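Given these sequences and hints, build the entire structure.
Number of protein chains: 4
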Amino acid sequence: MGRVGRAVIAHGQDFEIREYPVPEPEPNTILLRQELAGLCGTDVHNWHNGIEGEMLLGHENVGIIDAIGEGVTMDFVGNPICEGDRVIFAPGTTHGAYGFQSDPDQPPHFRGGFADYIYLCYPDTCFIKTDAPPKVAVLIEPFTIGVHALMRANVQIGDTIVVQGSGPIGLMTLICAKISGAAKLIMVGGPSRRLELARRIGADVTVDIEEVSSVEERTELVRSHTPRGAGADVVFECAGSLPAIPEGLGYIKYSGTFCEVGHFVDIGSFDLNPNRMLMRRNVRLEAIWGSRPEHFVRGLPILEKDEFPFAEMVSHVLPLSRVREGFDALSGEYELAGETVIKIAIGANEE
Amino acid sequence: MGRVGRAVIAHGQDFEIREYPVPEPEPNTILLRQELAGLCGTDVHNWHNGIEGEMLLGHENVGIIDAIGEGVTMDFVGNPICEGDRVIFAPGTTHGAYGFQSDPDQPPHFRGGFADYIYLCYPDTCFIKTDAPPKVAVLIEPFTIGVHALMRANVQIGDTIVVQGSGPIGLMTLICAKISGAAKLIMVGGPSRRLELARRIGADVTVDIEEVSSVEERTELVRSHTPRGAGADVVFECAGSLPAIPEGLGYIKYSGTFCEVGHFVDIGSFDLNPNRMLMRRNVRLEAIWGSRPEHFVRGLPILEKDEFPFAEMVSHVLPLSRVREGFDALSGEYELAGETVIKIAIGANEE
Amino acid sequence: MGRVGRAVIAHGQDFEIREYPVPEPEPNTILLRQELAGLCGTDVHNWHNGIEGEMLLGHENVGIIDAIGEGVTMDFVGNPICEGDRVIFAPGTTHGAYGFQSDPDQPPHFRGGFADYIYLCYPDTCFIKTDAPPKVAVLIEPFTIGVHALMRANVQIGDTIVVQGSGPIGLMTLICAKISGAAKLIMVGGPSRRLELARRIGADVTVDIEEVSSVEERTELVRSHTPRGAGADVVFECAGSLPAIPEGLGYIKYSGTFCEVGHFVDIGSFDLNPNRMLMRRNVRLEAIWGSRPEHFVRGLPILEKDEFPFAEMVSHVLPLSRVREGFDALSGEYELAGETVIKIAIGANEE
Amino acid sequence: MGRVGRAVIAHGQDFEIREYPVPEPEPNTILLRQELAGLCGTDVHNWHNGIEGEMLLGHENVGIIDAIGEGVTMDFVGNPICEGDRVIFAPGTTHGAYGFQSDPDQPPHFRGGFADYIYLCYPDTCFIKTDAPPKVAVLIEPFTIGVHALMRANVQIGDTIVVQGSGPIGLMTLICAKISGAAKLIMVGGPSRRLELARRIGADVTVDIEEVSSVEERTELVRSHTPRGAGADVVFECAGSLPAIPEGLGYIKYSGTFCEVGHFVDIGSFDLNPNRMLMRRNVRLEAIWGSRPEHFVRGLPILEKDEFPFAEMVSHVLPLSRVREGFDALSGEYELAGETVIKIAIGANEE
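Chains as they are written, first to last, in the working numbering: chain A, 1 to 351; chain B, 352 to 702; chain C, 703 to 1053; chain D, 1054 to 1404.
Please keep in mind that the hints were generated in silico from the structure rather than gathered at the bench. As the structure is a computational prediction, the values presented were derived from the model and not from experiment. Incorrect hints may have been included.
Claimed, not checked - With a Cα cut of at most 27 Å, we get these calculated BS3-like pairs of lysine-lysine: (1) Lys129(A) x Lys305(A); (2) Lys305(A) x Lys656(B); (3) Lys1007(C) x Lys1358(D).
To be verified - Distance windows between CB atoms, simulated: (4) Asn700(B) x Arg292(A): 56 to 66 Å; (5) Glu785(C) x His95(A): 27 to 37 Å; (6) Ala1150(D) x Arg292(A): 22 to 32 Å; (7) Asn856(C) x Ile17(A): 54 to 64 Å; (8) Asp968(C) x Ile1117(D): 41 to 51 Å; (9) Ser1266(D) x His95(A): 32 to 42 Å.
Unchecked claim - If you only want the chain A side, here are some residues facing chain B, beta carbon under 8 Å, derived: (10) Val4; (11) Arg228; (12) Arg298; (13) Pro309.
All residues carry an ideal CB built from backbone N, CA and C; glycine is no exception.
Written as structure tokens, this is what we have:
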């Protein structure tokens, strides 16, 4: 097969498009034509610090099966597969993680989503067939973070929940909280377009951090929306800023739960007073790290039901040649083409 | 106060309206004007067997505060109350249960819902102020059964759930399952109007037991809608018939959970094979008995959000003088005035 | 290798010793020299009904590594292994179960414990190196049933626990309950030698079913030893008789837990009244089916600490030629050589 | 009643013995003759910072019922009581906490344990009759901290557990871990006499922080005792020093649990890196604040069984007149009368 495919190679803070021969799938592999690859805050953080060596980024992926290697007959949950099927997959495998592999010049080259093809090893990769549209399916990876968080948070019917941060992880967590029995959902974030989306998802109260700019005021406001001002049952910290943690701990009621879902990259430390911030509140804290195949299996049918405005979260689709614009927008003003960015996805096709 | 109120007294299978003087509330009591009182399957079962002695039935209640005894200033969750507030309350107290007290001729008489007034002791009674409309608020007691069941069932995001029985308890449990993360909801019941309501609530699949009349066919059909035919994660038995239990156990996957929510009255025994029905499935079984104040506190805000067609479940409102018609409908064809019965509520006002 | 080994072949109710060539281990297999193989109640039940075809029984095994096939370097938990190491293993694999395979004349023949050798496939088999003595190590399989039961029962510090049945499963469950925080342990069983062992393990109260022969009396006695007579927090049914289930349900307090750990074989049905036996007690029931590799990993270090009289539970060791005597004892009077039988193990060596 | 009793009044860092008239119990109260009152690290911390105003300290108490006010007939769990019974009680009530009340000159004066009498309100106080000897019973309050910690930690059979800190809270937590299914118990603390007691309780490994003085070495040593060096399942931080927290987090395996049981007083803050210390370990953290009546009810029967060297933990008993010596020892060298201090109890009787 003499086909050639493009891949966006990151090094330092530069991006470069290279062409590689498209591999014929070996036994126990499959080859996907990329449809969409989400751009994640972790990508932006790593790029901001400068990518060491060379890397083909893109770990939030959906694609179409182009060719199937010998011995592959079904997806992770046992559904039969054939060429032309759409699949999503978990980026982590026992031998590494798609979208985080170095040395893209090494065959089989296509091991990240910012490219025309993606080459999957089997059975190492949890990939699952789906009929969700690409703009919905591309969200599965961030959605699984919310699924993981909710499975750890042990939300009960009737709980009052706060989500800090209205980026993709915050909105995904909000959706999962909405379908997990919360009686009242409070979103603390911004800017306003994201909060508007949060309300459509089901946030009963939104607090705009630009409008209510002091921690004390926000804390008082959030607590005023909890039963008898006693605080929230569960707080999800999805903002990813250090001061959000002590602020969020201050929203919680005695014996409540704090889920840390915001620090997937190391941005430093803060002063934690274990007596005042943790002990006196008899609090449980769950630190949520990534997601596992189980969360993909559980989350996908929820995406497929499409009862929430998932597709609208993909605010922008950019071709491979404009990857940098996406990184710039997410490290700057969260604006692109005059519109608030929520999730940027990279598509293989040029417009 | 020389007021007089009516109460429907049941004895054997007869009903009779009596008039009693309306009590002035003693210290630590409150007096409600009844708005609506639900008619429950348990009432019908007990009446069918013949009420021993005399009893003022009605344990699913909503009313308006008519007068407040000295010392009562707030409801169970700490909200201040005043005359004119609407309240719901848990029928169980440390000293008995509203709607199940014998000797209605004994003052204070009004200790059940099929009457013009309801007299509440405090702080024994968990009563809570609400602004839900009466036709929604009257459903809180059956709704708490669903809340209790879901808190025991430990449903996880992405689960496949079956509810057996499409009466009020089944529909309430379906709503609670819908907001607890289920990816797929399967309702097995009938007749068709109830199943139509189930679909509007969120049932993805409905199985009409009149159309699919053999246990084997139903089991095969239900399992065909579960992932890889492996069975449901959780089954809620809300049908209340004995054969529904072994049938429902057959819907479950290995290591799944079976919630028994249907046998609030003793209708006899069935042959249970512990090896084949329980052990080989490594199953967990939760038997849900009634509900507690916590379930009222958790359930009420969900009712108040009114995101489900709660009010439509009250298919019929009958005045005190027509209580018997309600009992007849629920012990017969589930038809009244030419319409399928879901929940019948008794109102104080004559039309 | 021209070695020959013996195997006890069961067919119908007969046993016969055959000789088979000892296989050289293929790649990804290991060969054990059998040390001890426990005789289990399930074996006895199946034998009693007549073994269909031919079978090499014995699924509770400990052996010494005789030879290691190419590619096998470590046990299930990652410890390096070499010839001469003692190992235990879980009898269930993805392709079947040691001790339950038909057609023993088919190579590799040695797929059950009543034989001179045991041939293990890898990595299908969870086998773990141990330095426990053989009479302790041979108990790991029944011990994992207790581990599984306790992990499901959710015992809390200070609970009052009842174990019904003082056979090996009952005693193993008692040990697991003892180390899981129980404040009071009540054993209901017999005969007296087993109850004496139960007391040495830590039973605070023993009830001899021969001395206290009526269900009512036993129930009253058991409940009199629970806090305020309210019933036990958790009951483990390890007796394996049908009437033990309703009796044990009667020991439990409101909202308690009943663990069914006794019906690994189908001995029929009993009349279950779901209202009276389950609902009115708001009970949780866990049906424990076998055990999984996790339970071996967790249970083995407890056996190795040897803080309980494990070795004494192996009341009798019989050579291969006397297997039938073991079956006879366990299907009759639980006496062998004038002593009460607890666990019989089959050893490869003739005395 | 003209009796007079002594009380040790703390103000600033001074102690003074005052005499007060002994109150006749009002209805719904009971009067105890103090037997022993434990001296707690929290007392020492507060005293070290200087007691504001005046306070009668002593919240770990056991006493004999001297007189019973009208209306009191049973203890918290429903046992009948009479004069002469020994009782322990939870120091917290809905209206305050025994041993932390200001204004001891106000009647009824005796509201802390460093005195001849203790005056209990009813039913506000959870008091329970016991037949444990005073030196065992006086430990119930610190023991309940361990009970609370273990109920939150969700230890499973076969877990590897680390306890940091070998003071009374650490030793109590060690006992609770021992009876909760741990396969391996590792105690990190000192000095040697305490570690020797830890080994007798059941610690399989003890790490003396004086001998192994670097964090890196201790971490390596602790991890070398965990399965495959992967870290402990659960770590209990009972040392109460700030650096113990990041150190203890470093002992844990991926997805393990960290229980913070050491910071009952505010001693400041430390630098917490949420990405490296929490997220990357996918950790759960439980902050344990005090204990509740349930923990007394659950813990007392364990104390009463006396299967551990409880009484030996009371290393010193001092009369009221020597309270200061206890505070000095606990704020200094943990030595008194030439012996290592574990728990100091204050007795009413002068030697």
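Check: Taking 8 Å as the limit, does the beta-carbon of Pro309(A) come near enough to a beta-carbon in chain B?
Finding: Status violated, d = 16 Å.
Check: Does Arg228(A) meet its interface restraint, that is, does its C-beta lie within less than 8 Å of any C-beta in chain B?
Finding: Holds - the Cβ of Arg228(A) comes within 8 Å of chain B, reaching about 5 Å at its closest.
Check: Is 56 to 66 Å a correct range for the gap between the Cβ atoms of Asn700(B) and Arg292(A)?
Finding: The hinted range 56 to 66 Å holds for Asn700(B) and Arg292(A), with Cβ atoms some 58 Å apart.
Note to self: Checking one constraint from the list: CA of Lys1007(C) to CA of Lys1358(D), max 27 Å. Satisfied?
What the structure shows: Cα-Cα ~22 Å, so holds.
Next item on the list: Please test the hint of 32 to 42 Å on the beta carbon pair from Ser1266(D) and His95(A).
Entry: holds (40 Å)
Check: So does Glu785(C) sit 27 to 37 Å from His95(A), Cβ to Cβ?
Finding: For Glu785(C) and His95(A) the Cβ distance comes to about 31 Å; the hint holds.
Notebook entry, point to check: Keeping to a limit of 27 Å between CA atoms, is the pair of Lys129(A) and Lys305(A) held or broken?
Noted result: holds (15 Å)
Margin query: Is the interface hint satisfied for Val4(A)? The criterion is a beta-carbon contact with chain B at less than 8 Å.
Written below: Nearest chain B Cβ about 39 Å off; hint violated.
Notebook entry, point to check: Okay, Asn856(C) versus Ile17(A) on CB: inside 54 to 64 Å?
Noted result: Holds: the Cβ-Cβ distance is about 56 Å, inside 54 to 64 Å.
Notebook entry, point to check: When you take the CB atoms of Ala1150(D) and Arg292(A), is the distance between them in 22 to 32 Å?
Noted result: 44 Å Cβ-Cβ, so the 22 to 32 Å window is violated.
Next item on the list: Under 8 Å, Cβ to Cβ, is where Arg298(A) needs to be relative to chain B, so tell me if that hint holds or is violated.
Entry: Cβ of Arg298(A) sits 3 Å from chain B, so the hint holds.
Notebook entry, point to check: Do Asp968(C) and Ile1117(D) keep their Cβ atoms within the hinted range of 41 to 51 Å?
Noted result: The hinted range 41 to 51 Å is violated for Asp968(C) and Ile1117(D), with Cβ atoms some 59 Å apart.
In terms of the numbered hints stated before, the structure departs from hints 6, 8, 10, 13, listed from lowest to highest.
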